[in-house]
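Student: Chain residues, written in single-letter form:
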Amino acid sequence: MYVDNADRMYRFAQRLCGEEEDARDLVQETFLNAYRGLPRFRGDAQFSTWLYRIASRLCLAMRRRRKGEPQHELSIEEFIPTSDGELRLQIPADGLTPEQALANKQLRRTLRQAIQELPAKYRLVLVLRDMEGLSAKEVGTVMGLNERAVKSRLHRARLFIRRELTARGMGSGALRTEKGG
Amino acid sequence: MSRQENSQKVATKHVKRTAQQAHRHSKAGCLKILQRLSAYLDDELTTDVCKEVRAHMGACPKCEVFLDSLRQTISLCRHFDAGSLSPAKKLQLRREIQKAISRA
Chain X
645 MYVDNADRMY
655 RFAQRLCGEE
665 EDARDLVQET
675 FLNAYRGLPR
685 FRGDAQFSTW
695 LYRIASRLCL
705 AMRRRRKGEP
715 QHELSIEEFI
725 PTSDGELRLQ
735 IPADGLTPEQ
745 ALANKQLRRT
755 LRQAIQELPA
765 KYRLVLVLRD
775 MEGLSAKEVG
785 TVMGLNERAV
795 KSRLHRARLF
805 IRRELTARGM
815 GSGALRTEKG
825 G
Chain G
37 MSRQENSQKV
47 ATKHVKRTAQ
57 QAHRHSKAGC
67 LKILQRLSAY
77 LDDELTTDVC
87 KEVRAHMGAC
97 PKCEVFLDSL
107 RQTISLCRHF
117 DAGSLSPAKK
127 LQLRREIQKA
137 ISRA
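Chains as they are written, first to last, in the numbering used here: chain X, 645 to 825; chain G, 37 to 140.
Source of the hints: derived by calculation from the structure; they are not laboratory data.
Beta carbons: idealized from backbone N, C-alpha and C, even for Gly.
It cannot be assumed that every hint is accurate.
[To be verified] Derived pair list, reagent style DSS-like, types lysine-lysine, alpha-carbon separation capped at 27 angstroms:
no.: 1; chain 1: G; residue 1: K87; chain 2: X; residue 2: K765
no.: 2; chain 1: X; residue 1: K795; chain 2: G; residue 2: K126
no.: 3; chain 1: X; residue 1: K781; chain 2: X; residue 2: K795
no.: 4; chain 1: G; residue 1: K126; chain 2: X; residue 2: K749
no.: 5; chain 1: G; residue 1: K87; chain 2: X; residue 2: K795
[To be verified] For each label pair, taking beta carbons as the anchor points, the in silico distance ranges come out as:
no.: 6; chain 1: X; residue 1: E761; chain 2: G; residue 2: R107; range: 36 to 46 angstroms
no.: 7; chain 1: G; residue 1: R139; chain 2: X; residue 2: R812; range: 35 to 45 angstroms
no.: 8; chain 1: X; residue 1: E665; chain 2: G; residue 2: V85; range: 37 to 47 angstroms
no.: 9; chain 1: G; residue 1: S138; chain 2: X; residue 2: G687; range: 41 to 51 angstroms
no.: 10; chain 1: G; residue 1: G65; chain 2: X; residue 2: R709; range: 39 to 49 angstroms
no.: 11; chain 1: X; residue 1: G687; chain 2: G; residue 2: T83; range: 33 to 43 angstroms
no.: 12; chain 1: X; residue 1: L682; chain 2: G; residue 2: D104; range: 45 to 55 angstroms
no.: 13; chain 1: X; residue 1: Q744; chain 2: G; residue 2: R139; range: 26 to 36 angstroms
no.: 14; chain 1: X; residue 1: D651; chain 2: G; residue 2: H115; range: 29 to 39 angstroms
no.: 15; chain 1: X; residue 1: E721; chain 2: G; residue 2: V85; range: 17 to 27 angstroms
Let the hints inform the model, and build the full structure from the sequences given.
Tutor: What follows is the structure, given as structure tokens:
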């Protein structure tokens, strides 16, 4: 169980928690819970889906205990730009592949911070769907939601990240400067 | 004017009119489109609704810029690589888990 799934769960935990220590704690708790709950695993979902579900529940519980954790609901209306400056991403990524753009430390840090500022229930959907590559149906199974709710949360999460990347402008040419040396 | 040129002209007029109609909106019109952008980018909309979104984009440059920035955002998220466990840390974590299991 551990050998086959440790890398996947650590990657998932890193994306969710942002910090290495928190990620290690989450992975440890996940496998411990999985070991204890193994007799109850019915095999009606993939084993990895079951592990994602355990990790997601633990993450939500850990976040609820944490002070200052963002928990508010996100409404579509709050993401409508009010000025032209809020329309474009304030990152000069044009002409770069996503991999080239993400080679920039400042962009990676900005993106990681934006993900961490998402309320946990939105962050989980974004990480599972857009980063771990699960289908909307699989995300629904992990989180106990129907597909419609998954898609609604995913859309709000993406709009949130877009707005944060726009708001935390990195300064003109930042990516190209680093890329060039 | 040939029959073909005439029908092309009519079709162009129709597209322009559709775009103008679609852009006869205020904040509410853009909001309606904004609500559908993820589904549009994930290719989950019906053909008719897709056409509606495209017509709006053709007539509303701001929404088009917004759509492009959302597309970029999703692409960055999809390519955002998380750190990985080194073999030593993986082994250490495994031992910690085994220790915790044996204590339980």
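Student: Each of the hints needs a verdict: does it hold here or not?
Tutor: Hint check results:
At most 27 angstroms may separate the alpha-carbon atoms for a hinted pair to count; G/K87 and X/K765 exceed this at roughly 32 angstroms. Between X/K795 and G/K126, the direct Cα distance comes to roughly 34 angstroms. Violation of the 27 angstroms bound is thereby established for this hinted pair. Taking the CA atoms of X/K781 and X/K795, the gap is about 10 angstroms. The hint holds against a cut of 27 angstroms. Restraint check: the Cα-Cα separation between G/K126 and X/K749 comes to about 25 angstroms, which is no more than 27 angstroms; the hinted pair holds.
Among the hinted pairs, G/K87 with X/K795 is consistent with the structure: their alpha-carbon atoms are about 21 angstroms apart, no more than 27 angstroms. Between X/E761 and G/R107 the Cβ separation comes to about 21 angstroms, which falls outside the hinted range of 36 to 46 angstroms. Here the CB-CB span from G/R139 to X/R812 is close to 44 angstroms, well matched to the stated 35 to 45 angstroms. Remark: the range hint 37 to 47 angstroms for X/E665 to G/V85 is upheld by a beta-carbon distance near 46 angstroms.
G/S138 and X/G687 have their C-beta atoms about 26 angstroms apart, which leaves the hinted 41 to 51 angstroms range violated. Distance hint check for G/G65 and X/R709: the Cβ-Cβ separation is about 43 angstroms, which falls inside the suggested range of 39 to 49 angstroms. Take X/G687 and G/T83: their Cβ atoms lie about 39 angstroms apart, and the range 33 to 43 angstroms holds. Between X/L682 and G/D104 the C-beta distance comes to about 47 angstroms, which sits within the given range of 45 to 55 angstroms.
Our hint of 26 to 36 angstroms for X/Q744 and G/R139 is violated, since their Cβ atoms are close to 47 angstroms apart. Roughly 18 angstroms separates the CB atoms of X/D651 and G/H115, a value that falls outside the hinted 29 to 39 angstroms. One distance hint, 17 to 27 angstroms for the beta-carbon pair X/E721 and G/V85, holds here, with the actual separation near 21 angstroms.
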